[in-house]
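Asker: Take the given structure of chain A and dock chain B to it, following the hints.
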Amino acid sequence: MMLIPFPTPNPLRLLLLAVLASGLLVTGCASSPSAPTSSLNEARSAVVSAEQYDAGRFAAAELGEARQKLDQANTAVKEERMAKAEQLALEARVGAELAYAKTEAAKAEAINAEMQRGAEALTDEMNRTGAQQ
Amino acid sequence: MKTHSVIGGLVLGSVLLTGCASAPQSPEGADLVRGKLNSLQADPVLANKAPAALKEAEMAVSLAEQPLSDSDDNLALGAHRVYVADRQVEIAMAKAVTRDAEDRRAQLAEERATSRLDARTLEADRARADADRIEGERAEALALSDAEAAELQQQIDDLKAEATERGLVLTLGDLLFEFDSAELRAGNTSNLNRLVNFLKQYPERNAAIEGHTDNIGNMEYNRELSQRRAESVRLYLVQQGIASNRLTATGLGHGQPLASNDSEAGRQSNRRVEIIIDNPPRVISSSEAIKSSQ
Chain A
21 MMLIPFPTPN PLRLLLLAVL ASGLLVTGCA SSPSAPTSSL NEARSAVVSA
71 EQYDAGRFAA AELGEARQKL DQANTAVKEE RMAKAEQLAL EARVGAELAY
121 AKTEAAKAEA INAEMQRGAE ALTDEMNRTG AQQ
Chain B
3 MKTHSVIGGL VLGSVLLTGC ASAPQSPEGA DLVRGKLNSL QADPVLANKA
53 PAALKEAEMA VSLAEQPLSD SDDNLALGAH RVYVADRQVE IAMAKAVTRD
103 AEDRRAQLAE ERATSRLDAR TLEADRARAD ADRIEGERAE ALALSDAEAA
153 ELQQQIDDLK AEATERGLVL TLGDLLFEFD SAELRAGNTS NLNRLVNFLK
203 QYPERNAAIE GHTDNIGNME YNRELSQRRA ESVRLYLVQQ GIASNRLTAT
253 GLGHGQPLAS NDSEAGRQSN RRVEIIIDNP PRVISSSEAI KSSQ
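Note that the protein sequences, when read in sequence, are chains A and B.
Under our numbering, read the first sequence as residues 21 to 153, first letter to last.
Under our numbering, read the second sequence as residues 3 to 296, first letter to last.
These are calculated hints, taken from the structure and not from any lab test.
Even for Gly, the Cβ is constructed at its ideal location relative to N, Cα and C.
There could be a bad hint or two in this list.
Each computed DMTMM-like pair below joins lysine to aspartate or glutamate, with the alpha-carbon atoms no more than 25 Å apart [as the list claims (entries may be wrong)]:
#1 A:K104 with B:D75
#2 A:K127 with B:E104
#3 A:K104 with B:E104
#4 A:K104 with B:D74
#5 B:K38 with A:E129
#6 B:K57 with B:E104
#7 B:K162 with B:E206
#8 B:K57 with A:E140
#9 B:K57 with A:E62
#10 A:K127 with B:E58
Listed next, the stretches of chain A that the computed footprint assigns to chain B, with coverage defined by at least 3 CB atoms under 8 Å from CB atoms of chain B [as the list claims (entries may be wrong)]:
#11 106-117
#12 123-130
#13 133-139
Next comes chain A alone, as it looks inside the complex:
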């Protein structure tokens, strides 16, 4: 406000100021923006969790995509495209969370399948020894 060299504000000028200010905010040229650090950290953390949970085995595509998004986010930060970096970081995070959730589902179903096989083997054994009698 102090930068603008007119002594008395009037309604039109107030409106102009508001528009300009919002325009500046939209284009982001007012100050150098900061990197979306917390979003990036969350994304990194989610990717690591998924990796440790063996998502590479059960949800390889989803994990790969999440890693890619994270790389892109880091690149965007270097290019100072912070809004873009923020979006990519968020996408990386949900992507990693999906990889994790899919791995959970795959493991849960594998356990059930094993139990099913176990019960069937038992039934087979019973029937087989029954036939021998």
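Answerer: Here is chain B on its own, set in the frame of chain A:
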């Protein structure tokens, strides 16, 4: 002053202009994500399995559907929101599948426990059936049906023999013989005849004949008398048709008195012939055979 107003006007104008250029639209792909969400919400199995994740997906889809005015930034924003919404729907789906699997696992565990119980019960039943079968075979081997057992008991009763661990003991008294003689008295042989019948009916049984005396006289004499008496009985049985190799005759003198020799009654008791009919040869069970061979 005029310049500022112009700039102001232009900026204002451009804002208004872009506002009117095209109506805001729902980002591309938002409808597809909505469709995915609808499918999940309509799934009879999965719809209720992950309520929190489903709620989050719903919010993300709603946001993705928000119409955006046409701009490069909004294009990217729209695409971003659609992407995030899609991932959220997929997450909700995966969590529902996991929960469903866990719910079914309880059922599976129950089924497996039932299977195990059935298998163990089956094993137990089979073991019992095997045991019963072996027991039955053993009883058969002894060749004694209920009828036969009753018959045998009747015979034993008729014989008036006493069952001991040595076998059936039939005691023939002093009156069987003439005094100081090994000669069988005629007409006193009904007991012996019953014995003959018994031995004929159960040909697998053998008999040991043992003669005893009271303590009158010396040991040697008594032993020799008791021996001759035992042999008399043996001879009689053989004459009645019992194979001689089934019979042994021994004289034991006065060495094994039944009663005290101080009274006549006691001495009379001691003057006797005992016939010990052995128990039938025992059928050895297979488990005993295995044990004895080890």
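Asker: Each of the hints needs a verdict: does it hold here or not?
Answerer: These are the hints, each one checked on the structure:
| no. | hint | in the structure |
| --- | --- | --- |
| 1 | A:K104 with B:D75 | holds (9 Å) |
| 2 | A:K127 with B:E104 | holds (11 Å) |
| 3 | A:K104 with B:E104 | violated (39 Å) |
| 4 | A:K104 with B:D74 | holds (12 Å) |
| 5 | B:K38 with A:E129 | holds (22 Å) |
| 6 | B:K57 with B:E104 | holds (21 Å) |
| 7 | B:K162 with B:E206 | holds (20 Å) |
| 8 | B:K57 with A:E140 | violated (38 Å) |
| 9 | B:K57 with A:E62 | holds (21 Å) |
| 10 | A:K127 with B:E58 | holds (24 Å) |
| 11 | 106-117 | holds (count 6) |
| 12 | 123-130 | holds (count 4) |
| 13 | 133-139 | holds (count 4) |
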